[in-house]
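Novice: Here the protein sequences come in this chain order: E and C.
The numbering of the first sequence is our numbering, which starts it at 826 and goes up by one.
The numbering of the second sequence is our numbering, which starts it at 1286 and goes up by one.
For the record, the hints were derived by calculation from the structure and aren't laboratory data.
Don't take each hint at face value.
[Said to hold, decoys possible] Simulated DEER-style distance windows between Cβ atoms:
no. : chain 1 : residue 1 : chain 2 : residue 2 : range
1   : C       : PRO1373   : E       : SER836    : 15 to 25 angstroms
2   : C       : PHE1346   : E       : ALA834    : 55 to 65 angstroms
3   : C       : PRO1373   : E       : SER950    : 18 to 28 angstroms
4   : E       : LYS992    : C       : GLN1473   : 32 to 42 angstroms
5   : C       : PRO1373   : E       : LYS996    : 22 to 32 angstroms
6   : C       : GLY1416   : E       : SER950    : 30 to 40 angstroms
These figures come from a predicted structure and were not determined experimentally.
A virtual CB, placed ideally from N, CA and C, is assigned to each residue, including glycine.
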Amino acid sequence: MIEVRFEKALSGQSGRLDLKIDLGLEKGGFYALMGESGAGKTSILKIIAGLMRPDGGFIRYHDHIWYDDRSKVFVKPQMRKVGFVFQDYALFPNMTVEQNLSYALADSIENGLLNEILELMDLKSLVKSKPQQLSGGQQQRVALARAILRKPEIVLLDEPLSALDRKLRKKLQNDLESLHKHYGFTTLMVTHDESEVTRLADEVFILEKGEILRKGPPLEILNPAISLEIVEGEILSINVDSEELVISQPNGIFKLSVGSHKLEGLSIGQHIKLTSKDWSINE
Amino acid sequence: MVFVITNYQFRLKNLLKSVVTLPLVLPPSVLGYYLLISFQQDAFLGKWFGALFDIQLAFSFEGILLGSIIFSLPFMVNPVVSALETLPASLREASFTLGKSGFTTYTKVLLPNIKPAIITAIIMTFAHTIGEFGVILMIGGNIPGETRVASLAIYHELEALNYDIADSYSLILLVFSLSVLLIVYFFQKRFKTDFT
């Protein structure tokens, strides 16, 4: 069990933000942390990792105290059993993939683990490449592999999949899930993606105004609509002749064929919501 | 010096940065004057060097060497500090979470990633030191075979109306300075393609 209870005053572009956090993470659990940009999500991860110092409170990992304001204890990040995957991956540009990974190992005896992870994450063919020669997805896999090489008790992920396309994201979600199960570490992931949270997390924390205002299983907290919503977006163009609509949506734009009677009363710029109660399975 | 400036937070950090940068803005005669005063045998620095290494600093080659290190500090320290500050904080943080100390992070991750800046700083510092005139004249005088450096030699030959020799010395320094800048730009271009 990791208990995190702290206060921290942050100052950013949108002014001052007072973080007041109270979290409990069970061993082996998968947790997601959601909140608006600038809500302090990354700061929470950095405080747990020891990269930032809170103003008060405590962080306890089982019987070990990582931080306690009262007894003036602050365990350095090097001494905490934490793996961290940064949003920009933070791979060292001067090192090859193999050197990046070896850097994480305490000694060469653990080379067996390195080979296992290289195999597991399908990185063997990339070991001699420099990070700047890799695609976003490959860099992400290396960063993840590097973070778990030290056998951390908790892995902190700062929007690790946000820069990847949908297909790649799905593959890496699978990787993340299998690594989490295989090594049994506790995971805390910052994300904006509700489908990712629903798919991976046991519990989700919603950060608002510096506090965790809601927490629980994703399906209860994220409150999906009763009907099956396919899409919600803005009308970009209406083609009466071909009876088509072009709609903009966060995932991209798409064309929709509709009956001419459905086009009546619609105008460009309108916000519409499409729902369906039917589907087909493709894979 | 760079490690201290970029790795620690302390109250007098701005003072340290100002002292390091001072030779850039201070007239060479003023800097040379203070160095000469502190290099005297009865001054702290002069006495300390004398007792420890049996070296006389004022009007000696060792003195102009130490003086050169001091007045060239900003040319070395400032570009390296700036380059380190432009590196993403996540590189240092990632190294810390991988269990590595501040020193290992420095030598294995941060410094190798600013190699172009370090090479440029070394070359520029060397070139600047070669051409220094005022400070050297103040602390070293103009002693042949001891403290008469290239720039002082030009001045000396000009005063003796030996225009031909002054001409040759000046041309050598001009070619040298131009070559140094060409090398710097060559390195910057090469590393830019290597690192991006």
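Novice: Indicate, hint by hint, whether the structure satisfies it.
Specialist: For each hint, the structure was consulted:
For the pair PRO1373(C) and SER836(E), the supplied restraint of 15 to 25 angstroms holds, since their beta-carbon distance comes to about 20 angstroms. A beta carbon spacing of about 56 angstroms between PHE1346(C) and ALA834(E) agrees with the range 55 to 65 angstroms that was offered as a hint. At roughly 27 angstroms, the beta-carbon separation of PRO1373(C) and SER950(E) lies within the given 18 to 28 angstroms, and the hint holds. Taken as a hint, the range 32 to 42 angstroms holds for the pair LYS992(E) and GLN1473(C), whose Cβ atoms sit roughly 39 angstroms apart.
The beta-carbon spacing between PRO1373(C) and LYS996(E), approximately 26 angstroms, falls within the hinted interval of 22 to 32 angstroms. Taking 30 to 40 angstroms as the suggested C-beta distance range, the pair GLY1416(C) and SER950(E) does not conform, at roughly 52 angstroms.
Of the numbered hints given earlier, the model fails hint 6 alone.
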